[in-house]
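There are 2 protein chains.
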Amino acid sequence: MVATAGHCVHSGTFAGFYDNFVFAPSFRDGVAPFESRNWRYVITTGAWASGGGVPNAADYAMLEFDDQAMTTGGPLTKIGNVTGWLGWQTVSLNPNHTSKLGYPCNLDSCQKMQNVMSNNYRATSPNNVEYGSDARGGSSGGPWVQNFAVPATSGGAGSNAAQNRVVGITSYGYLSADPTVQGASIPDSRWVQIWNQICARSGNCN
Amino acid sequence: MVATAGHCVHSGTFAGFYDNFVFAPSFRDGVAPFESRNWRYVITTGAWASGGGVPNAADYAMLEFDDQAMTTGGPLTKIGNVTGWLGWQTVSLNPNHTSKLGYPCNLDSCQKMQNVMSNNYRATSPNNVEYGSDARGGSSGGPWVQNFAVPATSGGAGSNAAQNRVVGITSYGYLSADPTVQGASIPDSRWVQIWNQICARSGNCN
Numbered sequence: 001m002v003a004t005a006g007h008c009v010h011s012g013t014f015a016g017f018y019d020n021f022v023f024a025p026s027f028r029d030g031v032a033p034f035e036s037r038n039w040r041y042v043i044t045t046g047a048w049a050s051g052g053g054v055p056n057a058a059d060y061a062m063l064e065f066d067d068q069a070m071t072t073g074g075p076l077t078k079i080g081n082v083t084g085w086l087g088w089q090t091v092s093l094n095p096n097h098t099s100k101l102g103y104p105c106n107l108d109s110c111q112k113m114q115n116v117m118s119n120n121y122r123a124t125s126p127n128n129v130e131y132g133s134d135a136r137g138g139s140s141g142g143p144w145v146q147n148f149a150v151p152a153t154s155g156g157a158g159s160n161a162a163q164n165r166v167v168g169i170t171s172y173g174y175l176s177a178d179p180t181v182q183g184a185s186i187p188d189s190r191w192v193q194i195w196n197q198i199c200a201r202s203g204n205c206n
Numbered sequence: 001m002v003a004t005a006g007h008c009v010h011s012g013t014f015a016g017f018y019d020n021f022v023f024a025p026s027f028r029d030g031v032a033p034f035e036s037r038n039w040r041y042v043i044t045t046g047a048w049a050s051g052g053g054v055p056n057a058a059d060y061a062m063l064e065f066d067d068q069a070m071t072t073g074g075p076l077t078k079i080g081n082v083t084g085w086l087g088w089q090t091v092s093l094n095p096n097h098t099s100k101l102g103y104p105c106n107l108d109s110c111q112k113m114q115n116v117m118s119n120n121y122r123a124t125s126p127n128n129v130e131y132g133s134d135a136r137g138g139s140s141g142g143p144w145v146q147n148f149a150v151p152a153t154s155g156g157a158g159s160n161a162a163q164n165r166v167v168g169i170t171s172y173g174y175l176s177a178d179p180t181v182q183g184a185s186i187p188d189s190r191w192v193q194i195w196n197q198i199c200a201r202s203g204n205c206n
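Respectively, the protein sequence lines represent chains C and Y. Heads up: the first sequence begins at 1 in our numbering, then just goes up one per residue. Heads up: the second sequence begins at 1 in our numbering, then just goes up one per residue.
I should point out that these hints are in silico values taken from the structure, not numbers from a laboratory. It should be emphasised that the depicted structure is a prediction, and the values quoted were computed from it without experimental measurement. Treat the hints with care, as some may be off.
Cβ pair distances, simulated, as ranges [to be verified]:
1. C:S50 <-> Y:G80: 52 to 62 Å
2. C:T77 <-> Y:G156: 34 to 44 Å
3. C:S125 <-> Y:G16: 51 to 61 Å
4. Y:P95 <-> C:C105: 42 to 52 Å
5. Y:V91 <-> C:T124: 26 to 36 Å
6. C:S109 <-> Y:R28: 29 to 39 Å
7. C:A15 <-> Y:P95: 37 to 47 Å
8. Y:S36 <-> C:P126: 52 to 62 Å
Looking from chain C toward chain Y, a few residues come up when the C-beta cut is under 8 Å (computed) [what the hints assert, rightly or not]:
9. P25
10. H97
11. Q114
12. N119
13. A123
14. A157
15. S176
Using N, Cα and C, we set each Cβ at its ideal position, and we do this for glycine too.
All chains should be modelled from the sequences, with the hints used to inform the complete structure.
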């Protein structure tokens, strides 16, 4: 399962979902070292599907991808067993510090994954928080990760101590470069709702 | 040349400087992959030397290390040509976001370099700023680096845009874990003064 933005998978109008989603983990400079996978299920929130436009109260979505052999004739492997996975946590964007991953096209021409680290800058209505970032278009759908790091022995003091948890998804930025920020909906019960639905499908979450 | 804390090299009293400094770049789990070097010059600020104790207005220092052969019979090589180097910038700690590098003994038993990323939390007197950090004793003297990253093509928007610049040096923390922070003096003209002195020595800064 892969989290992304609602607007990456659904029009936010009666036109409904987009199609043909693929996931190429660790894509860099035209190379997909872990191959690409086709999707087989997608879900977004009612808040996004019934009223696209940002800031949105819940601009996020989840995708399920095919299991796939990583060698010719090899066993079908879940994506999480190839890349590892992140945890998640709701209502944790304000205050916090996050690593924002994605492929913004203003940096390295969308060819390298970027990691923008910054604090919460301000809350915005409805239910969004903006963080400092020089990433622009192309970075949508990337995770905002709390304490993105190889865990240190005895690490994890202070507020928001849990490591490697998704606490937001890149949703929007401004055309103007002032303020230099990006915004994300605060995952809440709507996140848990779509998580429970996609988790209930056979082979996920176990 | 290597920046460190004043209290790592000088007692802050009439007892004067400590001795026998070595630098082991990229030390990890008991291994020094770039060997260790002996010092040949050290300088700290008058503010530290004449009045140790933290917070201090200028708890930082600079060391010069021997050139050294990296292979048997090989040419003598400056430390900066082995490890690369960071730039620096004064009066840039409030506001900012930094990567704080060091070997705190509460994390991985001082055996791995840690990178703590956080924003300014509050200013403290005299001339210090505290940032969020779960690093404790052992991390003193580590650099606080602005935009510590492989530069991205077209990157560097927003405030404090320059990359890979030292803007502070880990100076102190609290025995209590609340607030979970570390403090650093704000490098200012006193930084420039010791820089100019150590730079003027033959073979440095050219």
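To see whether the hints hold, each was checked on the structure:
Look at S50 (chain C) against G80 (chain Y): about 58 Å separates their beta carbons, and that is inside 52 to 62 Å. Range check, T77 (chain C) to G156 (chain Y): about 39 Å between beta-carbon atoms, so the 34 to 44 Å window is met. Between S125 (chain C) and G16 (chain Y), the C-beta spacing of about 59 Å keeps the proposed range 51 to 61 Å intact. As the Cβ distance of P95 (chain Y) to C105 (chain C) is approximately 28 Å, the hint placing it in 42 to 52 Å is violated.
Taking 26 to 36 Å as the suggested C-beta distance range, the pair V91 (chain Y) and T124 (chain C) conforms, at roughly 31 Å. Taking the beta carbon of each, S109 (chain C) and R28 (chain Y) are about 34 Å apart, inside 29 to 39 Å as hinted. For A15 (chain C) and P95 (chain Y), the hinted distance range of 37 to 47 Å is satisfied, since their beta carbons lie about 43 Å from each other. Evaluation of the 52 to 62 Å hint for S36 (chain Y) and P126 (chain C) yields a pass: the beta carbon distance comes to about 57 Å.
Using the Cβ-Cβ criterion of 8 Å, the hint placing P25 (chain C) at the interface with chain Y is not satisfied: the shortest such distance is roughly 20 Å. Taken as an interface hint, H97 (chain C) checks out: its beta carbon lies about 6 Å from the nearest beta carbon of chain Y, inside 8 Å. Taking 8 Å as the C-beta cut-off, the interface hint given for Q114 (chain C) holds, the closest approach to chain Y being about 6 Å. With 8 Å as the threshold, the beta carbon of N119 (chain C) comes within range of chain Y, its nearest partner Cβ sitting at about 4 Å, so the hint holds.
At its closest, the beta carbon of A123 (chain C) sits 16 Å from a beta carbon of chain Y; the interface hint therefore is violated under the 8 Å criterion. Contact between A157 (chain C) and chain Y, as hinted, is supported at the beta carbon level, the nearest pair being about 4 Å apart and thus within 8 Å. Interface restraint check: S176 (chain C) against chain Y, minimum CB-CB distance 11 Å, threshold 8 Å, status violated.
Consistency note: the structure conflicts with the earlier hints numbered 4, 9, 13 and 15.
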